[in-house]
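Undergrad: Each chain is listed here by its residues.
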Amino acid sequence: MSKKGFDLFDLVKKVLFTDFVKGLTVTLGYNISKSITMRYPDEEKWVPYRRFRGMHTLNRDENGRELCVACELCAKACPTGCITVIPMEDNSGRGISDRVAKVWTVNVVRCLFCGYCEDACPTRALRLGREYELACTDFSCTLKSREELLVPQPVPESIPGGYVVKSKFERTPQGIKVVPELSKYKKRSI
Amino acid sequence: MEQIFFYIFAIVAVASAIAVISVRNPVHSAMYLIVCFLQVAAIFILLRSPFLAAVQVFIYVGAVMVLFLFAVMVLDIGKESFGEHMHSQAIPAGITVLGLLAVVGWLISKGKITVPLGNYTEEVLTKNTEVVGKSLYTQFIFPFEVVSLLLLIALVGAIVLVMKEKGKGAGSTRS
Amino acid sequence: MLTLNHFLILSFILFSIGVAGVLLRRNIIIVLMSLELIFNSVNISLAAFAYYLQSITGTVFVVFNITVAAAEVAIGLAILVAVYRTRKTVYVEELKDMRY
Amino acid sequence: MPDIATLLEILLIVVKVGVVTMILFGLPLPLTWLERKVAGHIQVRLGPWRVGPHGLLQPFADMIKLLFKEDIVPYKADKLLFNLAPLLSMVPAFAVFVAIPFGDSVMVPFINKEVTLYISDMNVGILYILAIGGLSIYGLILGGWASNSKYALLGGLRSSAQMISYEVAMSFAAVGVVMMSNSLSLLEMVKSQSGSFLNWNIFYLPVGPVWFAIFLIAGLAEINRIPFDLTEDEGTLAAGFHTEYSGMKFAFFMLAEYVAMVTISVLSVVMFFGGWNAPLQVPVPIPPIFWFVAKAGALIYFFMWIRFTLPRYRYDQLMTIGWKILIPVALVNLLVTGFMRI
Numbered sequence: 163m164s165k166k167g168f169d170l171f172d173l174v175k176k177v178l179f180t181d182f183v184k185g186l187t188v189t190l191g192y193n194i195s196k197s198i199t200m201r202y203p204d205e206e207k208w209v210p211y212r213r214f215r216g217m218h219t220l221n222r223d224e225n226g227r228e229l230c231v232a233c234e235l236c237a238k239a240c241p242t243g244c245i246t247v248i249p250m251e252d253n254s255g256r257g258i259s260d261r262v263a264k265v266w267t268v269n270v271v272r273c274l275f276c277g278y279c280e281d282a283c284p285t286r287a288l289r290l291g292r293e294y295e296l297a298c299t300d301f302s303c304t305l306k307s308r309e310e311l312l313v314p315q316p317v318p319e320s321i322p323g324g325y326v327v328k329s330k331f332e333r334t335p336q337g338i339k340v341v342p343e344l345s346k347y348k349k350r351s352i
Numbered sequence: 008m009e010q011i012f013f014y015i016f017a018i019v020a021v022a023s024a025i026a027v028i029s030v031r032n033p034v035h036s037a038m039y040l041i042v043c044f045l046q047v048a049a050i051f052i053l054l055r056s057p058f059l060a061a062v063q064v065f066i067y068v069g070a071v072m073v074l075f076l077f078a079v080m081v082l083d084i085g086k087e088s089f090g091e092h093m094h095s096q097a098i099p100a101g102i103t104v105l106g107l108l109a110v111v112g113w114l115i116s117k118g119k120i121t122v123p124l125g126n127y128t129e130e131v132l133t134k135n136t137e138v139v140g141k142s143l144y145t146q147f148i149f150p151f152e153v154v155s156l157l158l159l160i161a162l163v164g165a166i167v168l169v170m171k172e173k174g175k176g177a178g179s180t181r182s
Numbered sequence: 032m033l034t035l036n037h038f039l040i041l042s043f044i045l046f047s048i049g050v051a052g053v054l055l056r057r058n059i060i061i062v063l064m065s066l067e068l069i070f071n072s073v074n075i076s077l078a079a080f081a082y083y084l085q086s087i088t089g090t091v092f093v094v095f096n097i098t099v100a101a102a103e104v105a106i107g108l109a110i111l112v113a114v115y116r117t118r119k120t121v122y123v124e125e126l127k128d129m130r131y
Numbered sequence: 022m023p024d025i026a027t028l029l030e031i032l033l034i035v036v037k038v039g040v041v042t043m044i045l046f047g048l049p050l051p052l053t054w055l056e057r058k059v060a061g062h063i064q065v066r067l068g069p070w071r072v073g074p075h076g077l078l079q080p081f082a083d084m085i086k087l088l089f090k091e092d093i094v095p096y097k098a099d100k101l102l103f104n105l106a107p108l109l110s111m112v113p114a115f116a117v118f119v120a121i122p123f124g125d126s127v128m129v130p131f132i133n134k135e136v137t138l139y140i141s142d143m144n145v146g147i148l149y150i151l152a153i154g155g156l157s158i159y160g161l162i163l164g165g166w167a168s169n170s171k172y173a174l175l176g177g178l179r180s181s182a183q184m185i186s187y188e189v190a191m192s193f194a195a196v197g198v199v200m201m202s203n204s205l206s207l208l209e210m211v212k213s214q215s216g217s218f219l220n221w222n223i224f225y226l227p228v229g230p231v232w233f234a235i236f237l238i239a240g241l242a243e244i245n246r247i248p249f250d251l252t253e254d255e256g257t258l259a260a261g262f263h264t265e266y267s268g269m270k271f272a273f274f275m276l277a278e279y280v281a282m283v284t285i286s287v288l289s290v291v292m293f294f295g296g297w298n299a300p301l302q303v304p305v306p307i308p309p310i311f312w313f314v315a316k317a318g319a320l321i322y323f324f325m326w327i328r329f330t331l332p333r334y335r336y337d338q339l340m341t342i343g344w345k346i347l348i349p350v351a352l353v354n355l356l357v358t359g360f361m362r363i
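Chains as they are written, first to last, in this note's numbering: chain F, 163 to 352; chain B, 8 to 182; chain Z, 32 to 131; chain D, 22 to 363.
By construction, these hints were calculated from the structure, which means they are not laboratory data.
Remember, predicted model here, so these are calculated numbers, not experimental data.
Beta carbons: idealized from backbone N, C-alpha and C, even for Gly.
Treat the hints with care, since some could be wrong.
To be verified - Okay, derived cross-link-like pairs now, DSS-like style, lysine-lysine, Cα gap no bigger than 25 Å in a straight line:
| no. | chain 1 | residue 1 | chain 2 | residue 2 |
| --- | --- | --- | --- | --- |
| 1 | D | K97 | D | K171 |
| 2 | Z | K119 | B | K141 |
| 3 | F | K238 | F | K264 |
| 4 | D | K171 | Z | K119 |
| 5 | D | K171 | D | K90 |
| 6 | D | K100 | D | K171 |
| 7 | D | K37 | D | K134 |
| 8 | D | K100 | D | K86 |
| 9 | D | K212 | D | K134 |
| 10 | F | K328 | F | K196 |
| 11 | D | K212 | D | K37 |
| 12 | F | K176 | D | K97 |
| 13 | Z | K119 | B | K171 |
| 14 | F | K339 | F | K306 |
| 15 | B | K171 | D | K345 |
| 16 | F | K328 | F | K339 |
| 17 | B | K141 | D | K86 |
| 18 | D | K345 | F | K175 |
| 19 | F | K196 | F | K306 |
| 20 | F | K176 | F | K238 |
| 21 | F | K184 | F | K196 |
As the list claims (entries may be wrong) - Stretch by stretch, here's where chain Z covers chain B in the computed footprint (C-beta under 8 Å, at least three residues):
| no. | region |
| --- | --- |
| 22 | 10-22 |
| 23 | 28-37 |
| 24 | 64-72 |
| 25 | 157-164 |
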């Protein structure tokens, strides 16, 4: 009861437990509504949008040649200096020009995924992909080399993303991987 | 059969009662007193009064002993030292108690029931809740009212006793 | 066969233990507990009389007794708390002055 | 020498006690699962999901974890009482079920004998339940005291004060039900509510619902559930009286808590919802025990629902509700009930 005086309406509300019943209806509504939990590693996996900035990936052109020309602009643009590029010249035809990267490494521990490298890249060779499962057990995997980054990521560029797909576990010698099954997707707001 | 149960309850009751007055920690004392009260409740059942047994457990064990424990914990009363435990009054007190025990024991063993028996059969006494209720509200209505008044006075008195005086606050009473 | 004397003797042993507790112990809490013991021994004998004399009066008196005991405990513990607040002790021999 | 019939009676009682004890030991497993599921879904989560289908094996995983945890006894703790306290809180919780009638008698096919679905029909049943139920407080108080820890001691103190305050209101509710049903025996109580659901004590207008509300609130406070779980208030007291307990002793406290919740719901069913009586006459024969279990289950769900709806009360609010609201309301209600029963 408030200090202003006797409030009959307030008393009736208290006697009939109206606030209590209101609270109960709210929680009951949540109880029977659908859960929003994503059952992430076992059953579902989130496919991010294209704008997502995850693990670096190095692209090739249609003929399978590396787009990277080892111009070192990405290394210059990087605010943390985590990208190391050592160029070399050969005419083996593995790149679109004679100048190709001999070493192209990114230190994932220092990278802050700002995307400046991708903006700086003149040939669109470097993209920040949609791979976000970066956890590992030792320091050897924090330094990603050119060979690893040239492998295409499981989610191709053509998929718009922004939905949940079914996933399954796949055991590899490196550990367990959560593999998305991109064909079975459902739109879900998160 | 009944005798075996009686002896079990009686021995446990006496042993725990001795423990109540001999252990040094008040909380342990209270624990033994609870055990003793439970045995007394069991003896009430042997005496065909389940109502009394339930009331015994409900009031003594459920409320009175909780109050005791509450007081012990709030006041933080520690163990007694041995010197406080055995004091100069111990020997006369012990002699008095033993003398009392001897005298009344002799009286009990010599005593005979000379009063006329009541008119309640055993079946009535076994289901005695209703009988107790009826006699409480007819024959004993005046004592009943007096006792309820006493309880009310005790309640008010207890609150008055422990209430801190208004205006003074907690600080002054502590000094 | 259980006789009245069984219960009376048990009751009396408990009574003596209670008296011994009151006389021997210095801690007011234990003294109060011993008083409860005495109340209980009286309750046993009253209930035993009620059963063996086939009368309900004893049972009714046990009920009164328990009520009075509850009141006594409430008051006793309240006094104890009040005493402890002013004197900071619960030992009876330290509570010998009336004036404080 | 007792004859065969007496021996059979004794054997039957032993079997019934054993069955009830086993059920009560097993019941907390599904109840913990259910509670966590209800918690999850009310918070729009899933609850246990990983261990077994829908997390059904989660309670077993928890049990195994608790079994293998180290049993820690704090330094300078009172060892005897510290070890005794979980038992002291568990035994009364189980002992209450001796007096609770789960149903009327049924014919057991093999021994060709009528077996009653209650262990004993005491003529002071409700008093027995209140008295024994009140004993479980000792586990809390002594556990809190024996731990030699500030939090645990405060939890124990709070629980004792809470228990004393709400025991009064709960006893008043029991008195009201006794007045409505004209008996202290739980069996008679259920029999007086037979017929349609309009005969149930909760529909004994206008006092029935009020008694039920008082009983429910006091019961929630007695079994230390939210919104009255001041004794294990993790916001201010770490974990209250069981702060220092680990392993199986902690599990015993949890067990006692869940069994107490079952007790309160079963007791409400017996006292207010007509026990095993069907709410309406249905043409299909449904065993009465089904109604009993269904009503008790609904009440248990209601307790969990309340738990994840209401916030915890402050300690002074708790005392205000107990002494200034529940007890006066109960007294007035007692008067009204008395006038109605004349």
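Undergrad: Give a verdict on every hint.
TA: The hints, checked one at a time:
1. Taking the CA atoms of D:K97 and D:K171, the gap is about 13 Å. The hint holds against a cut of 25 Å.
2. Under the criterion of a C-alpha separation no larger than 25 Å, the hint pairing Z:K119 with B:K141 is inconsistent with the structure, at around 48 Å.
3. At roughly 17 Å between alpha-carbon atoms, F:K238 and F:K264 fall within 25 Å of each other, so this suggested pair holds.
4. Taking the CA atoms of D:K171 and Z:K119, the gap is near 21 Å; set against the 25 Å cutoff, the hint holds.
5. Between D:K171 and D:K90, the direct Cα distance comes to roughly 23 Å. Compliance with the 25 Å bound is thereby established for this hinted pair.
6. Proximity of D:K100 to D:K171 is assessed by CA-CA distance (about 17 Å); at most 25 Å being required, the pair is judged to hold.
7. The suggested pairing of D:K37 with D:K134 holds, with an alpha-carbon distance near 14 Å, which does not exceed 25 Å.
8. With a C-alpha separation of about 24 Å, the suggested pairing of D:K100 with D:K86 holds against the 25 Å cut-off.
9. Distance hint between D:K212 and D:K134 is fulfilled; the C-alpha atoms sit about 22 Å from each other, no more than 25 Å.
10. A C-alpha spacing of about 18 Å is found between F:K328 and F:K196, which places the hinted pair at or below 25 Å, so the restraint holds.
11. Under the criterion of a C-alpha separation no larger than 25 Å, the hint pairing D:K212 with D:K37 is consistent with the structure, at around 22 Å.
12. This hinted pair does not check out: F:K176 and D:K97 have alpha carbons roughly 48 Å apart, beyond 25 Å.
13. The straight-line distance between the Cα atoms of Z:K119 and B:K171 is roughly 16 Å, inside the 25 Å bound, and the hint therefore holds.
14. Straight-line distance between C-alpha atoms of F:K339 and F:K306 comes to about 17 Å, which keeps the hinted pair within the 25 Å bound.
15. Using a Cα cut-off of 25 Å, the hinted pair B:K171 and D:K345 holds, with the two alpha carbons roughly 20 Å apart.
16. Simply put, F:K328 and F:K339 have alpha-carbon atoms about 14 Å apart, close enough for the 25 Å limit, and the pair holds.
17. The hinted pair formed by B:K141 and D:K86 fails the criterion: a straight-line CA distance of about 56 Å is larger than 25 Å.
18. For the given pair, D:K345 sits about 18 Å from F:K175 by alpha-carbon distance, which is consistent with the 25 Å threshold.
19. Straight-line distance between C-alpha atoms of F:K196 and F:K306 comes to about 41 Å, which puts the hinted pair past the 25 Å bound.
20. For the suggested pair F:K176 and F:K238, the alpha carbons sit about 69 Å apart, so the restraint of at most 25 Å is broken.
21. About 20 Å separates the Cα atoms of F:K184 and F:K196, which keeps this hinted pair within 25 Å; it holds.
22. Counting residues of the region 10-22 of chain B whose beta-carbon sits less than 8 Å from any beta-carbon of chain Z gives 5, enough to reach three: the coverage restraint holds.
23. Counting residues of the region 28-37 of chain B whose C-beta sits closer than 8 Å to any C-beta of chain Z gives 4, which meets the bar of three, so the coverage hint holds.
24. For the region 64-72 of chain B, the assignment as covered by chain Z holds, since 4 residues bring a beta-carbon within under 8 Å of that chain's beta-carbons and 3 suffice.
25. Only residues whose C-beta sits within less than 8 Å of a C-beta in chain Z count toward coverage, and the region 157-164 of chain B has 6 of them, enough to reach three; the restraint holds.
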